[in-house]
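Asks: Chain order of the listed sequences is S and C.
Last residue of the first sequence: 145 (the numbering used here), numbering continuous.
Last residue of the second sequence: 128 (the numbering used here), numbering continuous.
Think of the hints as simulated: they come from the structure by calculation, not from any bench.
Please read these numbers as outputs of a predicted model, since none were measured by experiment.
Do not rely on the hints blindly, as some may be mistaken.
[What the hints assert, rightly or not] Partial list, computed: chain C residues near chain S (C-beta under 7 Å):
| no. | residue |
| --- | --- |
| 1 | Q83 |
| 2 | S84 |
| 3 | N91 |
| 4 | V92 |
| 5 | F93 |
| 6 | D100 |
| 7 | Q101 |
| 8 | P110 |
| 9 | V111 |
Virtual Cβ for every residue (Gly too), placed ideally from N, Cα, C.
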Amino acid sequence: MNRILRSVPLVLAVLILGACASGAKFSDTSPSLTPASGETGRIFFYRPSSLGAAIKPDVRLNDEVVGEAVAQGYFFVDRPPGEYKVTTSTEVERSLSLVLEKNQTRYVRLAVTMGFLVGHVTPTLVDAETALKELPKTKAVATK
Amino acid sequence: MAGLMATLALLPGCAFDLADVRYTPSAPLDPGDAGETFTLSADVRIDRAPCNYDRVLRAGTRWEYVGSLPEGRVFRSKDQSLTLECSNVFEAYPIVDQSRIVAFYLPVEKALVKLPEPVALAVQP
């Protein structure tokens, strides 16, 4: 019994670390902050915290899955200007509505809060100033 | 044990959507004459936004006119993202009447959220 209990922290650590982003670090690759085409806008999604790393809900943009909210991860998509709704679902759905303009870059922070059974991941809109302080610590996650 | 099971069965469906931004549909935004801008000369604190979520419009941010509603003139800024937050988050533009913020316009929902008390703006001359 003691042997099993001693192995719990190791198992938890493996679960948590294995759930974090493992791609190239933002600060090493310095991806372009502006959209590839002047006719589109760019939306960065990032989750700076490792809290609740085992929970990785899909990130939907107007009902289309664009990526996963992976702990300490980021990804971006380019989209035409327009109105967008970002949603994430765990035991509840959380949403953010935003407007994207041509040649504009928006930053969506995926914040983790405690839930009843599992953590909630809430998308929030942040300024470039805030995002560019937090993004360098994150790693790339593939888009879907 | 039976009580705990009953609680677990009942709570997940409703416990976390306790608060949301209450908004009402707005009149169509009249684009009017574009080009009007203002720059804040001091921080503007909005402490009675929905869900008591404080907001500060920062000094030095520039706000551009995007249209008019019966409640006032609507502005947005490229220097600062403004949202209203409860359980969900909505991008919001301030509606200004006589140099005071009287409400917020939600551009995606095409809706209004009125402030209980107008908030005065400090604008650079």
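Asks: If a hint holds in the structure, say so; if it doesn't, say that too.
Replies: Right, here's what the structure says about each hint:
Nearest Cβ of chain S to the Cβ of C/Q83: about 6 Å, under the 7 Å cut. The hint holds. Interface hint status for C/S84: upheld, as the beta-carbon distance to the closest one in chain S is roughly 5 Å, under 7 Å. The criterion of a C-beta within 7 Å of any C-beta in chain S is met by C/N91, whose closest approach is roughly 5 Å, and the hint holds. With a cut of 7 Å, the hint placing C/V92 at the interface with chain S holds, because the nearest CB-to-CB distance is about 4 Å.
With a least beta-carbon distance of about 5 Å to chain S, the hint placing C/F93 at the interface is held under the 7 Å criterion. With 7 Å as the threshold, the beta carbon of C/D100 stays out of range of chain S, its nearest partner Cβ sitting at about 22 Å, so the hint is violated. Contact between C/Q101 and chain S, as hinted, is not supported at the beta carbon level, the nearest pair being about 26 Å apart and thus beyond 7 Å. The interface hint given for C/P110 holds, since its Cβ lies 5 Å from the closest Cβ of chain S, which is under the 7 Å cut-off.
Interface restraint check: C/V111 against chain S, minimum CB-CB distance 4 Å, threshold 7 Å, status holds.
In this structure, the earlier hints numbered 6, 7 are contradicted, and the remaining ones agree with it.
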